[in-house]
Amino acid sequence: MDSSLEEEEEEEEEEEVAARSPAAQARRALLPGLHLPFLPPQFYRPASSHEHKLNFKKSKEACLNYIQDAILQKQWKRAAEFMTSYVESLEKDYSREYVGPSEIIWRIGTEILCHHSHSNMKEFNSFIEQMKTLGVKRYLKVCLEHAFHLLCNGLTDEAYQNLCLAESWRFGEQRVIQDKEIKLIQAYRGLLDYYSWSKQKSIVLEHGQDGFEDLSVEQEMHGCFRKAAVNLKEIIEIPGVWDQFVKCYVDLLEFYGDHNEARQVLNEYAYNSKFPANPNAHVYLYQFLKRHGESKKSLISALKILYDIVPSHELMIDFNIMLQKSKKRKKRRLGLEVIFSALDYAGWKENVKAWSCLARQVKQIVISEKHLDWIKQEWKSRKDWWPAFHFSRYLAKRNWQENESLSYEKALVAGILLGKDCKYFKYVSHQGCKAQVERFRFLKKFVNKHNPVHLRISGLSDSSLQS
Amino acid sequence: MEFPDALFPCYFGAGPPREEGGPAPAAGWGEHGQVLGAGRSSRQAETAFVPHRGQTGESWEPADAAAVPFLPPNESCCIPSLTPQDILYHGFLRRKLRTDKSGATLNFTKQLGHFFVDHPEDAFGSLGQLLHKNFYLGNSKVTRQARSSTIRMTAVMEEIARLEARRLQKLRHDPQTMFFRDHSPWRWSEFTAHPRVLSCADRTGVQCLDTRAPERCCFNLFKAGEANGCQQGERVVLPMYLGRAHPFQHLIASQFSVYVLDERLPLVPVLKWTHMMKDPPLFANLTPGGPGRSHKVLLGASRTQELLMLQYQGGRQSACQLVGPPQKLHSIAGCLQHFPTQLPHRHHLLQQRLSAPATGLAAALQKDGPHESLLVFQLSEAGDVFCQRLTHEAVKPPAVISRTEATAGPGSSPLFEIPASSPPGLGREDKDEVEEEQTFYLSNLEVIFNEEEEEEDADTSAALEEAELPQEPCASPQPSPAEPSPATAIRYRRWLKALSKGCREHPRQASPDTFSQKRLFTRKELEWPPGPSALHRQVRQQLRQAMREGGCIRRWDPPGPQAPALLQPAEGLDALSTRLTKAWSRDWEQSWEERMSFNMAQRRQALRERRQRQKRSRGRRSLSASFTSSLTYQSELSQPSDGAPDPRLPKGSPPKQGSPPGGSPLPASPLHDDELLSSQSLRSRGIPKERRKTLRDYLAVWAEVPPEPPETPGSQASQQCIPSSQSQLSSQSQLSSASQPRRKRPRMGF
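Protein sequences, first through last, are from chains A and B. Per my numbering, the first sequence runs over residues 1 to 467. Per my numbering, the second sequence runs over residues 1 to 750.
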């Protein structure tokens, strides 16, 4: 029996060893540290601060998961209930992570308040004001988002005040991200200044028409201009997409007659290689040049660059028309290229304007019998896929049913490029003649007359002529 | 094609990514991002501002409480996955399948043939994807080693070349990734707005190249690590062309965010949202919205089965916006709670089955007048397809969903009729089935243990879930658990039935041996009789006889053909568990010898001292205490209302008198049988001499019989016959559930 006793002892020893093991410690770490007066002191072992942190971190994470879950299922009420528990984590924030609970509370709280049926703007504002005081690193971001929320709810004045307050805030050394945020705050304040300038401008102009002159309004208007111009100018010098800021700034400059500065700003925005290839930058420049009656040459050069970066842009129609009218062969040649390229894109497939541009130019070339090689060259890289892409029988049917003009323009192009036997032309001209639409009869005649052209365009003319 | 006349402001070339790794836990919430003044301010009127994110979107509400099985459980998941040889060697597959007893028919080539006839365009693409690795397009001979997985396509190539001069073209050959070095061999290609321009993606970004001049004409659409506000280590995990919504738009998902890119403004995402998914989205689906409507994008993760729905709009006249809050859809694993209660091991199997990683995602829009519903299908690795329906109410406010609609559910839709090919068990009348199952639960003894087991199972699994199973890792307690409609409930039951039937057929998936007690007791018999029944008397008699003879009570449960699977001691078990495990496997003695011989002399002295101490302190322990310990264990399980114990805590330690419940700093030492056997200890427990022998004999029996887990002395001796069989069964099932190493929990009182 001795051995059994030893076993027993052994077992207990093992137990103790087991109790000291890391696993057991971890297990105990999950228990609350209880103080029980009737236990001998050696039994009482308060949970270390590390354990506390561990427990706290776990329950914090679990709570956050619940909140996320509720938000993702649009259970705003439930999310709000969990949120009240989560707020406790602010008091015991041991984390030294970049994103502390205060950021999470701000983000989630905002999301809930934006959707919760019982929330109102007053509550939202007071919540955000509390959030602003929670973290200096985030202050600007919270201010900016607050202003956005106010703007989206039509509270422009409140948003403006908020932006002004945020702008005047300074805290220690500015980090890169804060620098960007402060620039954005200033830009948005500038934007709001622009809008009030614009409002006062219309009042002044109206009064001017009526013969009144309100000096105070006019002065206020000029004040707005100055404030707006300073801030807008600053942000648009940094590489980025600043469409609305650029537009507003240029509008201000144009009103005060500073065309050079406006042109410089637009040129910079369009051509500075540090900026993204933003089609709008070129559009704004083109529109500016057009407004100021600039020469065709400069308009064309502005659009040429837009064509190079976005050949599918809707301004390509204008560009093609402009080029077709040109007396220079080279430009007309470019025009054909532009319209062909535009029609390569799926988004243009049913654009009547584009097809009529192409039809007109192709018709011109065929009638004049000059520069058929232009068409030939454009067609070379397209003949293997355009027929299926544009000129299928299915499309002929659909285009005829949905848009007769479109089918007319396309049929003309198809007839010339593919000959009178092409499916698209055959179907549409047949339907058009059947419906006794006059222009389709002309179309049929025209294509029949110029049928050999398609052989020359396809590069088959020599061999066919020889045979 | 229109381009928005003003885009939302953003910085460009934001420089190197933020230093901190990974986005904030809630980074996707609470931001408008930027605002845009919509339209020129007309006189006096205030300018309206629109946010980049956060504008109200369409309301799509789930029609049912969880996803429902769309097809009967896929039985062919047991068929080994296809290897290149299966495709290359004709006839091989059939042979392989014939040896498989599953009886499923999978004729790959035939299926592909049908696919070619029915969907020639899709088939061409998928065939390329499936086989590109196994096709050799060159002219030279295929080496012997390569021949096992590669087929020479030279003849086909020549055929194609004769047909037309073009058609196959190498667009790009680059063993390196595009923008910086990344080890992933993963590549992707899709169409763009221009039919002759294709997108090429790898982990580092997306490039678009013109197939007419792939060398010269290409531009970068997206560079990982250079988008504004991107994170360190961010990689492209999924690109998708959104052509059906907008010809110029592409969706790019990284492990942190989703981006929408416009080809006309490369490198500047027109939309960005931190998706906060626990696993990167590997599947995406687009349901384009018509004019004035939002486009719906579904994002699906694989391992965690997460499913998110985003809505966005814009890109033509107005700038791109994310509208409405992103929404989480049901996952396959989420419907586990709606299945009927299961035996623990079945529950576990079901859980495993349901939480198999997702492998695909599809959605279909159903229009019925003003009503629209979106059917979302999720495919799991096990081959199961689950479906859920989201309904869109254009008129009603989002919060109001009529109950009738909610109950209608996918189960009642004609789409969800049981397919003709469903197993025979599925076609029965619902009513019968429901009744049958009710009798099953009423007349079955299992139900009693189920209650206990379920709890334990729930506890254990809750603890395990976090660590290992993807099953709703963050599922929070439902506020008011939405119940599936009766029709849906029946679908679950049917599916489950078909699943368990399928599982039984496959020996590989066989559940541990269990005793069938289906018809063992009727409900009536289980009712507590007013006095000792004949059965009681009989069983008591048997017990006494067994004790007299030193035999074993095994009248009514002949042992199964095999002993239950032995526990595989997991690494890192504590010494006690190891020892108990050894005891089960009957080489306890040997291991004991090993242990004892190990620095025996050193220990002996220490033990002697401790013995003295123990003798003094013993006395409050008694034999009955050891029994109560096991009883406490049982009752603890059956009374969950007494404060739900933390599942992560070992429950086995019996609370000592005077020690705080659950707060004992030192776990109580277990009382072992051998301890009980010593005369000293028996005497000290006040057991009369004449009974000591009986007890010792009785207990000695257990050392002789095969280590049947059910017959544990503690519970056996202390409980009535019927309860003893309960404990038998319960411990049996505990064991079976414990045969999975990770389910094992330290437990004392055996």
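Check the hints yourself; a few may be wrong.
Listed below are the simulated DSBU-like cross-link pairs for lysine-lysine, each with C-alpha atoms no more than 30 Å apart in a straight line [as the list claims (entries may be wrong)]:
| id | chain 1 | residue 1 | chain 2 | residue 2 |
| --- | --- | --- | --- | --- |
| 1 | A | Lys-74 | B | Lys-367 |
| 2 | B | Lys-328 | A | Lys-349 |
| 3 | A | Lys-420 | A | Lys-380 |
| 4 | B | Lys-170 | A | Lys-137 |
| 5 | B | Lys-170 | A | Lys-77 |
| 6 | A | Lys-376 | B | Lys-278 |
| 7 | A | Lys-328 | A | Lys-363 |
| 8 | A | Lys-449 | A | Lys-426 |
| 9 | A | Lys-58 | B | Lys-278 |
| 10 | A | Lys-304 | B | Lys-223 |
| 11 | A | Lys-180 | B | Lys-328 |
| 12 | A | Lys-349 | A | Lys-290 |
| 13 | B | Lys-328 | A | Lys-58 |
| 14 | A | Lys-74 | B | Lys-223 |
| 15 | B | Lys-328 | A | Lys-77 |
| 16 | A | Lys-274 | B | Lys-170 |
| 17 | B | Lys-141 | B | Lys-223 |
| 18 | A | Lys-183 | B | Lys-223 |
| 19 | B | Lys-278 | A | Lys-57 |
| 20 | B | Lys-170 | A | Lys-349 |
| 21 | A | Lys-297 | A | Lys-183 |
| 22 | A | Lys-53 | B | Lys-278 |
Taking beta-carbon pairs under 8 Å as the criterion, some of the chain B residues facing chain A (in silico) [what the hints assert, rightly or not]:
| id | residue |
| --- | --- |
| 23 | Asp-5 |
| 24 | Tyr-11 |
| 25 | Ala-24 |
| 26 | Ala-26 |
| 27 | Thr-47 |
| 28 | Phe-49 |
| 29 | Val-142 |
| 30 | Ala-146 |
| 31 | Arg-147 |
| 32 | Pro-195 |
| 33 | Pro-214 |
| 34 | Glu-215 |
| 35 | Leu-265 |
Because the hints were derived from the structure by calculation, they are not lab data. Glycine included, each C-beta is placed from N, C-alpha and C at the ideal position.
Do the hints match the structure? See the list:
The hinted pair formed by A:Lys-74 and B:Lys-367 meets the criterion: a straight-line CA distance of about 24 Å does not exceed 30 Å. Among the hinted pairs, B:Lys-328 with A:Lys-349 is inconsistent with the structure: their alpha-carbon atoms are about 37 Å apart, more than 30 Å. A threshold of 30 Å between alpha carbons decides the hint, and for A:Lys-420 with A:Lys-380 the separation of about 19 Å falls inside it, so the pair holds. This hinted pair does not check out: B:Lys-170 and A:Lys-137 have alpha carbons roughly 51 Å apart, beyond 30 Å.
At most 30 Å may separate the alpha-carbon atoms for a hinted pair to count; B:Lys-170 and A:Lys-77 exceed this at roughly 57 Å. The hinted pair formed by A:Lys-376 and B:Lys-278 fails the criterion: a straight-line CA distance of about 56 Å is larger than 30 Å. Between the alpha carbons of A:Lys-328 and A:Lys-363 the distance comes to roughly 18 Å, so the proposed pair stays at or under 30 Å and holds. For the suggested pair A:Lys-449 and A:Lys-426, the alpha carbons sit about 15 Å apart, so the restraint of at most 30 Å is met.
Distance check on the hinted pair: A:Lys-58 and B:Lys-278 sit about 17 Å apart at the alpha-carbon level, within 30 Å; holds. Pair hint A:Lys-304 plus B:Lys-223 holds up; C-alpha atoms about 27 Å apart against a cutoff of 30 Å. Of the pairs offered as hints, the one joining A:Lys-180 and B:Lys-328 is violated, with about 33 Å between alpha carbons and a cut-off of 30 Å exceeded. With a C-alpha separation of about 28 Å, the suggested pairing of A:Lys-349 with A:Lys-290 holds against the 30 Å cut-off.
Among the hinted pairs, B:Lys-328 with A:Lys-58 is consistent with the structure: their alpha-carbon atoms are about 23 Å apart, no more than 30 Å. About 33 Å separates the Cα atoms of A:Lys-74 and B:Lys-223, which puts this hinted pair outside 30 Å; it is violated. Of the pairs offered as hints, the one joining B:Lys-328 and A:Lys-77 holds, with about 16 Å between alpha carbons and a cut-off of 30 Å not exceeded. Only pairs whose Cα atoms come within 30 Å are accepted, and A:Lys-274 paired with B:Lys-170 is rejected, the gap being roughly 34 Å.
Note on B:Lys-141 and B:Lys-223: the hinted pairing is violated, with a Cα-Cα distance of about 40 Å set against a maximum of 30 Å. Note on A:Lys-183 and B:Lys-223: the hinted pairing holds, with a Cα-Cα distance of about 25 Å set against a maximum of 30 Å. Restraint check: the Cα-Cα separation between B:Lys-278 and A:Lys-57 comes to about 18 Å, which is no more than 30 Å; the hinted pair holds. Simply put, B:Lys-170 and A:Lys-349 have alpha-carbon atoms about 28 Å apart, close enough for the 30 Å limit, and the pair holds.
A distance of roughly 37 Å separates the Cα atoms of A:Lys-297 and A:Lys-183; the hinted pair therefore is violated under the 30 Å criterion. The hinted pair formed by A:Lys-53 and B:Lys-278 meets the criterion: a straight-line CA distance of about 23 Å does not exceed 30 Å. A distance limit of 8 Å between C-beta atoms decides the matter here; for B:Asp-5 the minimum to chain A is near 7 Å, and the interface restraint holds. The closest approach between the C-beta of B:Tyr-11 and any C-beta of chain A is roughly 4 Å, which is under the 8 Å cut-off, so the hint is satisfied.
Because the closest C-beta pair between B:Ala-24 and chain A is about 4 Å apart, less than 8 Å, the hint holds. Here the hint on B:Ala-26 is kept, as its CB sits about 5 Å from the closest CB of chain A, short of 8 Å. Interface hint status for B:Thr-47: upheld, as the beta-carbon distance to the closest one in chain A is roughly 5 Å, under 8 Å. With its C-beta approaching chain A no nearer than about 4 Å, B:Phe-49 sits inside the 8 Å limit, and its interface hint holds.
Given hint, B:Val-142 at the interface with chain A, is violated; its Cβ is 32 Å from that chain's nearest Cβ, farther than 8 Å. Because the closest C-beta pair between B:Ala-146 and chain A is about 34 Å apart, greater than 8 Å, the hint is violated. Checking B:Arg-147 against chain A: minimum C-beta separation of about 36 Å lies over 8 Å; hint violated. With a cut of 8 Å, the hint placing B:Pro-195 at the interface with chain A holds, because the nearest CB-to-CB distance is about 6 Å.
Using the Cβ-Cβ criterion of 8 Å, the hint placing B:Pro-214 at the interface with chain A is not satisfied: the shortest such distance is roughly 14 Å. A hinted interface residue such as B:Glu-215 counts as satisfied when its beta carbon comes closer than 8 Å to some beta carbon of chain A; here the least separation is about 15 Å, so the hint is violated. At its closest, the beta carbon of B:Leu-265 sits 6 Å from a beta carbon of chain A; the interface hint therefore holds under the 8 Å criterion.
Of the numbered hints stated above, those contradicted by the structure are hints 2, 4, 5, 6, 11, 14, 16, 17, 21, 29, 30, 31, 33, 34, listed in ascending order.
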